[in-house]
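Participant: The chain contents come next:
There are 2 protein chains.
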Amino acid sequence: MADIADVARAAGVSTATVSRALSGRGIVAPRTKELVQRVADELGYVVSASASSLSSGRMRNVGIVTPFLSRWFFSEVIEGAQQVLTAHGYDTTLYNLAGEANQRKIIFDEFLLRGRVDAVIAIELALTPEEVRKIHSVDKPLIGVGGEIPGVRTISINETEVARIATQHLLDLGHRSIASLGGVEQFETDFHVASTRHLAFLEALAGAGIEPNPAWDLTADFTIPGGYAETAAMLAASDNRPTGIVASSDEMAIGAILAIKDAGLRVPDDISVIGIDGHDLAEFFNLTTVDQFVRHQGELAATILLDEIMPHRTSPAASNTDMPVKLVTRGSTARPRA
Amino acid sequence: MADIADVARAAGVSTATVSRALSGRGIVAPRTKELVQRVADELGYVVSASASSLSSGRMRNVGIVTPFLSRWFFSEVIEGAQQVLTAHGYDTTLYNLAGEANQRKIIFDEFLLRGRVDAVIAIELALTPEEVRKIHSVDKPLIGVGGEIPGVRTISINETEVARIATQHLLDLGHRSIASLGGVEQFETDFHVASTRHLAFLEALAGAGIEPNPAWDLTADFTIPGGYAETAAMLAASDNRPTGIVASSDEMAIGAILAIKDAGLRVPDDISVIGIDGHDLAEFFNLTTVDQFVRHQGELAATILLDEIMPHRTSPAASNTDMPVKLVTRGSTARPRA
DNA sequence: CTGAAAGCGCTAACAA
DNA sequence: TTGTTAGCGCTTTCAG
Numbered sequence: 492m493a494d495i496a497d498v499a500r501a502a503g504v505s506t507a508t509v510s511r512a513l514s515g516r517g518i519v520a521p522r523t524k525e526l527v528q529r530v531a532d533e534l535g536y537v538v539s540a541s542a543s544s545l546s547s548g549r550m551r552n553v554g555i556v557t558p559f560l561s562r563w564f565f566s567e568v569i570e571g572a573q574q575v576l577t578a579h580g581y582d583t584t585l586y587n588l589a590g591e592a593n594q595r596k597i598i599f600d601e602f603l604l605r606g607r608v609d610a611v612i613a614i615e616l617a618l619t620p621e622e623v624r625k626i627h628s629v630d631k632p633l634i635g636v637g638g639e640i641p642g643v644r645t646i647s648i649n650e651t652e653v654a655r656i657a658t659q660h661l662l663d664l665g666h667r668s669i670a671s672l673g674g675v676e677q678f679e680t681d682f683h684v685a686s687t688r689h690l691a692f693l694e695a696l697a698g699a700g701i702e703p704n705p706a707w708d709l710t711a712d713f714t715i716p717g718g719y720a721e722t723a724a725m726l727a728a729s730d731n732r733p734t735g736i737v738a739s740s741d742e743m744a745i746g747a748i749l750a751i752k753d754a755g756l757r758v759p760d761d762i763s764v765i766g767i768d769g770h771d772l773a774e775f776f777n778l779t780t781v782d783q784f785v786r787h788q789g790e791l792a793a794t795i796l797l798d799e800i801m802p803h804r805t806s807p808a809a810s811n812t813d814m815p816v817k818l819v820t821r822g823s824t825a826r827p828r829a
Numbered sequence: 492m493a494d495i496a497d498v499a500r501a502a503g504v505s506t507a508t509v510s511r512a513l514s515g516r517g518i519v520a521p522r523t524k525e526l527v528q529r530v531a532d533e534l535g536y537v538v539s540a541s542a543s544s545l546s547s548g549r550m551r552n553v554g555i556v557t558p559f560l561s562r563w564f565f566s567e568v569i570e571g572a573q574q575v576l577t578a579h580g581y582d583t584t585l586y587n588l589a590g591e592a593n594q595r596k597i598i599f600d601e602f603l604l605r606g607r608v609d610a611v612i613a614i615e616l617a618l619t620p621e622e623v624r625k626i627h628s629v630d631k632p633l634i635g636v637g638g639e640i641p642g643v644r645t646i647s648i649n650e651t652e653v654a655r656i657a658t659q660h661l662l663d664l665g666h667r668s669i670a671s672l673g674g675v676e677q678f679e680t681d682f683h684v685a686s687t688r689h690l691a692f693l694e695a696l697a698g699a700g701i702e703p704n705p706a707w708d709l710t711a712d713f714t715i716p717g718g719y720a721e722t723a724a725m726l727a728a729s730d731n732r733p734t735g736i737v738a739s740s741d742e743m744a745i746g747a748i749l750a751i752k753d754a755g756l757r758v759p760d761d762i763s764v765i766g767i768d769g770h771d772l773a774e775f776f777n778l779t780t781v782d783q784f785v786r787h788q789g790e791l792a793a794t795i796l797l798d799e800i801m802p803h804r805t806s807p808a809a810s811n812t813d814m815p816v817k818l819v820t821r822g823s824t825a826r827p828r829a
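Chains as they are written, first to last, in the working numbering: chain A, 492 to 829; chain B, 492 to 829.
One thing to keep in mind: the hints can contain errors.
One copy or two, either will do: identical chains are not told apart, so a pair holds if it fits within one copy or between any two.
What the hints assert, rightly or not - Under the rule of at most 20 Å between Cα atoms (straight-line distance), these lysine to any residue pairs were calculated in the SDA-like manner: (1) K596 x H579; (2) K752 x E774; (3) K524 x L791; (4) K524 x S628.
For the record, the hints were derived by calculation from the structure and aren't laboratory data.
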């Protein structure tokens with residue numbers, strides 16, 4: 492592999508000029524720049540990432556730390572962020588916390604601090620103050636997506652609002668018998684998304700003067716099978732069924748729809764179902780949902796981070812960014828039958 | 492940040508000894524090693540990735556190149572590979588080829604060759620000879636998952652066999668009116684998975700002396716909506732329907748099941764459906780499928796790669812590894828009604 | 001088993 | 001605008 496000295500020699504300039512010409516940093520005469528670039532191309536020269544990083548301190552690499560990879564929300568955020576990063580010449584290194592618990596410590600200590608990344612995106616991760624401190628101590632920009640972390644800039648939606656919008660949609664349609672298909676907090680590190688949304692659900696009901704029915708207070712694991720099982724159990728348990736269901740995720744909502752159909756009932760005629768997410772499959776299942784533009788959350792996180800890393804540094808960006816959400820009305824919700 | 496000299500000083504040894512003690516390479520007296528490790532811990536010392544890489548040539552980083560991130564097969568492979576890599580102290584850098592076409596060239600030239608990775612895993616990517624040459628020219632181990640690449644070691648299943656098993660399962664049950672719900676080749680870079688499977692389907696039919704019905708030759712994009720639409724269209728087009736459907740992916744099979752139900756028919760009573768994949772949702776939809784152990788394919792790819800990178804280098808591993816597949820019988824297939 | 005010292009290839013002051 | 005040069009922090013011969 493040709494190195495910078497080879498290029499310098501072939502172009503008849505110094506290595507410093509080659510560096511400047513190729514990196515775009517510093518001033519180089521246009522014709523010199525052109526010459527260097529041509530020579531570099533001819534020689535098939537590519538800068539050595541490690542040498543460049545060692546001397547400059549820049550890695551051109553952003554770490555994404557996530558508890559899941561194959562779940563919709565997470566892969567969507569990753570894809571959004573990655574696309575922006577790649578477009579700006581940044582690599583994306585993935586740290587998956589799915590494994591053992593102490594892998595988490597290892598990842599923080601050995602990987603992030605080893606200086607492999609310029610910045611970190613944490614997806615739906617309740618970082619401990621200790622972890623936040625560590626990252627900040629090595630002076631790396633950190634941004635969270637999907638849950639607020641004390642002392643850390645975060646991209647997220649207003650969980651209360653999104654649940655309120657969903658519930659209100661059913662109330663506005665005239666429903667008064669409404670079930671909640673909420674999520675369960677699975678980990679100590681969770682963000683209480685589930686409880687926040689449930690609270691908003693209850694408040695919306697209260698605002699309409701409705702007493703919640705405990706038998707209609709379902710919780711599942713955010714997945715289709717989970718939503719199905721809970722809904723099926725509720726329908727099997729009693730003939731007294733709700734006319735509407737507010738699900739905390741689109742996948743659970745889809746599970747609910749399937750359960751309702753399997754029980755010989757119809758959506759929305761017998762039961763209306765609304766989800767939260769804006770999942771790829773929502774349209775297929777004709778699901779009314781509150782879209783939270785997940786991919787865009789990832790894109791924005793990457794954009795903000797790049798802004799902090801790159802020379803320009805234009806927009807300082809607000810400390811916590813509340814993303815907009817939007818009710819998307821489809822065929823799974825309707826007025827309850829008289 | 493403490494550097495290696497700080498540790499050496501505090502431990503009263505040379506930097507060379509610190510390096511040896513901490514990296515495990517070279518011989519160090521047990522007590523010296525222990526001492527160094529303790530001192531390093533106390534000082535919170537972590538090796539600088541770039542410095543280490545520059546001087547050693549090792550990156551402790553494997554690149555995964557994939558055309559998709561959020562599709563089941565791909566995220567499954569990535570998760571499997573990543574888990575193994577992380578467990579061995581390797582980072583995983585993701586290169587997503589989803590964007591523009593020329594991003595592909597950039598990724599190869601600027602990223603992989605820039606020496607950021609020690610090895611490359613390519614998921615379902617038909618690399619051009621030129622791309623393979625480039626990677627080999629920089630002497631980086633490369634392994635493909637899910638499609639054979641000339642001159643490259645590959646982990647994959649026998650596409651012919653998997654389709655034959657699926658078709659044969661229906662034949663064995665006594666079906667003689669069988670539809671094919673195959674995939675479409677979406678990209679020039681595809682591996683003809685779709686056509687290979689379709690061929691095997693036809694061969695299996697021929698073996699049973701059955702003439703395929705052109706009206707039952709469906710193709711879709713491997714997704715649930717795609718499978719649904721094709722199946723629904725077929726059922727709507729004529730009363731002459733098959734008693735079984737062989738789908739080239741579980742998601743399409745699920746779409747078919749939903750379409751059959753929506754058409755007022757039952758699975759498997761009216762129509763049997765079998766998929767190929769071993770998708771997470773197969774169990775939920777009670778889908779008979781041919782499991783191809785995708786996650787395991789990712790794990791194996793990573794294992795083989797590490798084997799090439801790491802000092803030990805035990806197993807040379809075969810040049811092309813055909814993964815086993817397994818028929819998983821569930822409730823979506825049964826004997827056709829008399 | 002340990003230490004000395006020569007780089008690894010590039011960037012960024014500083015000078016010119 | 002360009003060149004000179006001193007590192008960046010670690011690994012790895014080579015000696016001892």
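Participant: Hints first: check each against the structure and report whether it holds.
Facilitator: Verification of the supplied hints:
1. K596 x H579: between (30 Å within a copy, 15 Å between copies)
2. K752 x E774: both (17 Å within a copy, 18 Å between copies)
3. K524 x L791: neither (33 Å within a copy, 46 Å between copies)
4. K524 x S628: neither (38 Å within a copy, 27 Å between copies)
Hints 3, 4, counting from the list given before, are not met by this structure.
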